[in-house]
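Undergrad: First to last, the protein sequences are chains A and B. Per my numbering, numbering through the first sequence is continuous, rising by one, with the last residue being 473. Per my numbering, numbering through the second sequence is continuous, rising by one, with the last residue being 341.
For the record, the hints were derived by calculation from the structure and aren't laboratory data. One should not assume that every hint holds.
Stated by the list, open to error - Non-contacting residues of chain A with respect to chain B, defined by C-beta distances greater than 12 Å in every case (computed):
{"#": "1", "residue": "Arg55"}
{"#": "2", "residue": "Pro58"}
{"#": "3", "residue": "Arg62"}
{"#": "4", "residue": "Phe104"}
{"#": "5", "residue": "Gly112"}
{"#": "6", "residue": "Ile120"}
{"#": "7", "residue": "Pro172"}
{"#": "8", "residue": "Pro188"}
{"#": "9", "residue": "Tyr192"}
{"#": "10", "residue": "Thr274"}
{"#": "11", "residue": "Ser295"}
{"#": "12", "residue": "Thr310"}
{"#": "13", "residue": "Ala321"}
{"#": "14", "residue": "Asn330"}
{"#": "15", "residue": "Arg359"}
As the list claims (entries may be wrong) - Here chain B is said to cover these stretches of chain A; the calculated rule only asks that three of the stretch's residues, wherever they fall, bring their Cβ under 8 Å from a Cβ of chain B:
{"#": "16", "stretch": "89 to 99"}
{"#": "17", "stretch": "121 to 129"}
{"#": "18", "stretch": "430 to 444"}
Don't be surprised by glycine CBs; every beta carbon is placed ideally from N, CA and C.
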Amino acid sequence: MATTLLGLLATSPPDALLPSRIQMAFTLAYHIILVPLGVTFPLLVVLMEGIGLRRNDPVALRLARRWSVVMAVQFAVGAVTGTILSFEFGILWPRMMGRFGDVFGIGFGIEGWAFFLEAIFIGIYLYGWKRLPPKVHYRLGWVLPPAGVLGAFGVIIANSWMNTPGGFQLGPDGRPINVNVLGAIFTPALGYEFWHLIVALYMTAGFMVASVYAVGWLRGRRDRYHRLGFTVPFALGAVLAPIQVVIGDIATRGVFQDQPAKFAAMEVTWNTQTHNPEVVGGLLQSDGTVALGLSIPSLDSLLAGFSPSTLVRGLNSFNPADRPSVVDANFVHLAFDLMVGLGSIACVLTLWFALAWIRHRDLPRSRWFWRGAALAGIGSYLAIEAGWITTEVGRQPWIVHNLMRVSDAVNPVNPLYIWIMFSALLVVYAVIAFFFVTLLMRLSARWRIEDGGGRQEDAIAPEEAAPYGPRPA
Amino acid sequence: MTAVVDLGVAGALLLAIAAYSTAGGTDYGAGIWDLLAGRFGHAVEVRKLIDHAMAPVWEANNVWLVFSAVICWTGFPLLYESAFLSLYPLFALALLGLILRGAFFAFRKVATTSGTTLVASRVFGISSLLAPFSFAAALGAIASGKVGVGGPMVPVWQACLDPLAIAFGVVALMATAFSGASFLVGDARRYQARGEKSPDLVEYFRRRAVAAAIALLVVSLIALVVIAAESPTVFRGMVAGLGLPFAAAAVLAVFTVAVLMWRRVYRWYRVLTVVGVGSFVFAWGVGQAPYLLPGQLTIQQAAGAPEIEALLLGITVVALVLVIPSLFLLYTLDQRSALES
Numbered sequence: 001m002a003t004t005l006l007g008l009l010a011t012s013p014p015d016a017l018l019p020s021r022i023q024m025a026f027t028l029a030y031h032i033i034l035v036p037l038g039v040t041f042p043l044l045v046v047l048m049e050g051i052g053l054r055r056n057d058p059v060a061l062r063l064a065r066r067w068s069v070v071m072a073v074q075f076a077v078g079a080v081t082g083t084i085l086s087f088e089f090g091i092l093w094p095r096m097m098g099r100f101g102d103v104f105g106i107g108f109g110i111e112g113w114a115f116f117l118e119a120i121f122i123g124i125y126l127y128g129w130k131r132l133p134p135k136v137h138y139r140l141g142w143v144l145p146p147a148g149v150l151g152a153f154g155v156i157i158a159n160s161w162m163n164t165p166g167g168f169q170l171g172p173d174g175r176p177i178n179v180n181v182l183g184a185i186f187t188p189a190l191g192y193e194f195w196h197l198i199v200a201l202y203m204t205a206g207f208m209v210a211s212v213y214a215v216g217w218l219r220g221r222r223d224r225y226h227r228l229g230f231t232v233p234f235a236l237g238a239v240l241a242p243i244q245v246v247i248g249d250i251a252t253r254g255v256f257q258d259q260p261a262k263f264a265a266m267e268v269t270w271n272t273q274t275h276n277p278e279v280v281g282g283l284l285q286s287d288g289t290v291a292l293g294l295s296i297p298s299l300d301s302l303l304a305g306f307s308p309s310t311l312v313r314g315l316n317s318f319n320p321a322d323r324p325s326v327v328d329a330n331f332v333h334l335a336f337d338l339m340v341g342l343g344s345i346a347c348v349l350t351l352w353f354a355l356a357w358i359r360h361r362d363l364p365r366s367r368w369f370w371r372g373a374a375l376a377g378i379g380s381y382l383a384i385e386a387g388w389i390t391t392e393v394g395r396q397p398w399i400v401h402n403l404m405r406v407s408d409a410v411n412p413v414n415p416l417y418i419w420i421m422f423s424a425l426l427v428v429y430a431v432i433a434f435f436f437v438t439l440l441m442r443l444s445a446r447w448r449i450e451d452g453g454g455r456q457e458d459a460i461a462p463e464e465a466a467p468y469g470p471r472p473a
Numbered sequence: 001m002t003a004v005v006d007l008g009v010a011g012a013l014l015l016a017i018a019a020y021s022t023a024g025g026t027d028y029g030a031g032i033w034d035l036l037a038g039r040f041g042h043a044v045e046v047r048k049l050i051d052h053a054m055a056p057v058w059e060a061n062n063v064w065l066v067f068s069a070v071i072c073w074t075g076f077p078l079l080y081e082s083a084f085l086s087l088y089p090l091f092a093l094a095l096l097g098l099i100l101r102g103a104f105f106a107f108r109k110v111a112t113t114s115g116t117t118l119v120a121s122r123v124f125g126i127s128s129l130l131a132p133f134s135f136a137a138a139l140g141a142i143a144s145g146k147v148g149v150g151g152p153m154v155p156v157w158q159a160c161l162d163p164l165a166i167a168f169g170v171v172a173l174m175a176t177a178f179s180g181a182s183f184l185v186g187d188a189r190r191y192q193a194r195g196e197k198s199p200d201l202v203e204y205f206r207r208r209a210v211a212a213a214i215a216l217l218v219v220s221l222i223a224l225v226v227i228a229a230e231s232p233t234v235f236r237g238m239v240a241g242l243g244l245p246f247a248a249a250a251v252l253a254v255f256t257v258a259v260l261m262w263r264r265v266y267r268w269y270r271v272l273t274v275v276g277v278g279s280f281v282f283a284w285g286v287g288q289a290p291y292l293l294p295g296q297l298t299i300q301q302a303a304g305a306p307e308i309e310a311l312l313l314g315i316t317v318v319a320l321v322l323v324i325p326s327l328f329l330l331y332t333l334d335q336r337s338a339l340e341s
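For reference, chain A alone in the conformation it holds in the complex (with noise of 0.2 Å):
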């Protein structure tokens, strides 16, 4: 591992390119924690207050309204670190928005308005609780989840359209022109990207919020409340891991079709060969060899054309300075590996989970299912970086696949300025995740007070309790 981190180090060029894309990569991944319940998280909402309104159920009542909260919460500060984002587009990659600004911002000028949309939504919703009749609130609530989709649904636009670019021609001075607009929205990789990472968001959202009431479940809290928090969305994502094991199986193929050196960099296959093995773990040398690993004969090549004779490019295949570096390659490997490892066991806990319910119409009673289930929610966030990793990592060197590399977009600065920019950054990062998390652990302890009996002259309306909610009355 230090050798590989030196040797980062010792290829990067004397500029701003490395500190740029550790700053950018920690901006992401930061961001990227709060997308999945920012986006996902109404539907559950919207969802629990349903089955409340229906059943007059003042427990499920509770939850949806408890749950809002922390929706509302999580939603603030993703909107902070998204600004950060978008300047950071041109902060650190002015060349690659001079240039190519126009065909990549369309995704995000669906993105914008959207979550406009969902901000204010968001603000009524909870607003909503105590001043609109209880119909009109959930029906207003309906607003959010596809405004939630349609947001993410701009963001992998201009995602997928940086991995396949299509819909224009290249002029003269290198921008493009003659733009079909429905040509540069729906690029090859839109279909594949934009249903993985939806059904992704959606079981992330599933099982984060039922790992709580799974932790809460270990530890002897067993009521109505605890089970109703722990069923509706662990039976989400139950449904969506099988389905996210075929997607992500099309999802593959399209990458073996569309971007072959990202493939190839998946699956560390140094020579174009058939035949080609599926190598689980393993690291890359630079000779072409695989160190470590479980090699299984002709796999891949099966998995990507249905028969072990496909053809399966190699990096070898690519010029050096096109292709990912051994370094990129072996994170992408690996955090592909990853992923692919924490669906399979996501899908594991989901047929046990429907297994018992199929038995005996009851949650699972082994403690090893609830153990499982509090760390499906980890779990779901540690699958969603990785399968960014495996995306970004290995589009590398090109931020605009074939057209225009990272080195070529990056802002010319001394990299200094980026080093000090990304130190401030790292600190207010760390400021916010612990505030963030204090709050959270305070309305937690705050709610299990009420419900306990305690101090109930003390208990205000959940939502005025969060720092952008609604005023105290």
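Guided by the hints, dock chain B onto chain A, whose structure is given.
TA: The following block gives chain B in isolation, referenced to the frame of chain A:
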């Protein structure tokens, strides 16, 4: 046709910047008064009022900033590239202010000891100065003509510290302080109507609104002199061209608010505050037209592919139709909460 569409996109960009300057600016202004409240006297009540006033609409305001960025890079990629290549330190400082502000505003609410509350308030207040100053300084640097197309034409620090950049920054600070005070008068009036026992915060902010209005007018006069010296074409556009009506409206609106406040007439002052601050932005933007970078890059030269300009304008119009009624509903609910309890 394309020229009209490009102009429309430029208008949308200017509108987004103006919306952020008025809506976001009011929030920044509240932060400035929070900082100036000190630690004695009415400090506790003042901060409490500011907390009440800011909480509900904070993130909706911030979204205007994201739009300004997105419209800028999608509509005018060359402008975005050029501005960041020359002015990245200003944008980095603005971002730092923005994020510190959001974080410490939230933290202040959960802080338990008076010591940590005070530290959080200080950071919140100082970052409320940093962000609007840096953003406006970037606009000033652009107006000064020192931002080169596709790369810096003078050393970066020189563009960032240009007298015009400083002048715009100071005008922005005064404008946010002014609109912050003006809106806080309204908030103070609402909470007093609820019969809350508190010191006379209406009076407190009324005096500050008058002072800030006068300061804003004086500072913008000085800024106009700097513009005349630094950037004659922009100056002509502002005093003789299409910028003139906006410049006149800005001065008139701010002056009227000062008079209304002075005479304790609490009508129309919030609308006029928005008109005043928004007109400052329009006076600069329209005065600079057709240039995005004075003397170097026009709206048409900077525009992206025409198909995308048209799409961007279309999306913006559709979105406004969706967003404006929603915003109206949010503000209505916000007001109702105050009346109900």
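Undergrad: Does each hint fit the structure? Answer for all of them.
TA: These are the hints, each one checked on the structure:
1. At roughly 27 Å, the least C-beta separation between arginine 55 of chain A and chain B is larger than 12 Å, which holds for a residue marked as non-interface.
2. Distance check for proline 58 of chain A against chain B: the nearest CB is about 23 Å away, which clears 12 Å, and the non-interface claim stands.
3. Distance to chain B confirms arginine 62 of chain A as a non-interface residue, since its nearest Cβ pair spans about 21 Å, more than 12 Å.
4. Against chain B, the non-interface label of phenylalanine 104 of chain A is violated: not every CB pair exceeds 12 Å, the least being about 8 Å.
5. Not every C-beta of chain B lies more than 12 Å from that of glycine 112 of chain A, the closest at about 5 Å, which undercuts listing it as non-interface.
6. Not every CB of chain B is more than 12 Å from the CB of isoleucine 120 of chain A (nearest about 5 Å), against its label as outside the interface.
7. The claim that proline 172 of chain A lies off the interface holds: its Cβ sits roughly 14 Å from the closest Cβ of chain B, which is beyond the 12 Å cut-off.
8. Here proline 188 of chain A stays apart from chain B, with its beta-carbon at least about 20 Å from theirs, past the 12 Å limit.
9. With a minimum CB-CB distance of about 24 Å to chain B, tyrosine 192 of chain A clears the 12 Å threshold, and the non-interface call stands.
10. For threonine 274 of chain A, the requirement that its beta carbon stay farther than 12 Å from each beta carbon of chain B is met, with the minimum near 43 Å.
11. For serine 295 of chain A, the non-interface assignment is confirmed: its Cβ lies about 45 Å from the closest Cβ of chain B, beyond the 12 Å cut-off.
12. At the 12 Å boundary, the C-beta of threonine 310 of chain A stays outside the reach of chain B, the nearest C-beta of that chain being 39 Å off.
13. Non-interface status of alanine 321 of chain A relative to chain B is upheld: no Cβ of that chain comes within 12 Å, the nearest being about 24 Å off.
14. Non-interface status of asparagine 330 of chain A relative to chain B is upheld: no Cβ of that chain comes within 12 Å, the nearest being about 32 Å off.
15. Non-interface status of arginine 359 of chain A relative to chain B is upheld: no Cβ of that chain comes within 12 Å, the nearest being about 46 Å off.
16. Counting residues of the stretch 89 to 99 of chain A whose C-beta lies closer than 8 Å to any C-beta of chain B gives 8; at least three are required, and the coverage claim holds.
17. Taking a C-beta to C-beta cut-off of 8 Å, the stretch 121 to 129 of chain A contributes 5 residues in contact with chain B, enough for the three needed, and the coverage statement holds.
18. Counting residues of the stretch 430 to 444 of chain A whose C-beta sits closer than 8 Å to any C-beta of chain B gives 6, which meets the bar of three, so the coverage hint holds.
Hint compliance for this structure: hints 4, 5 and 6 are broken, all remaining hints hold.
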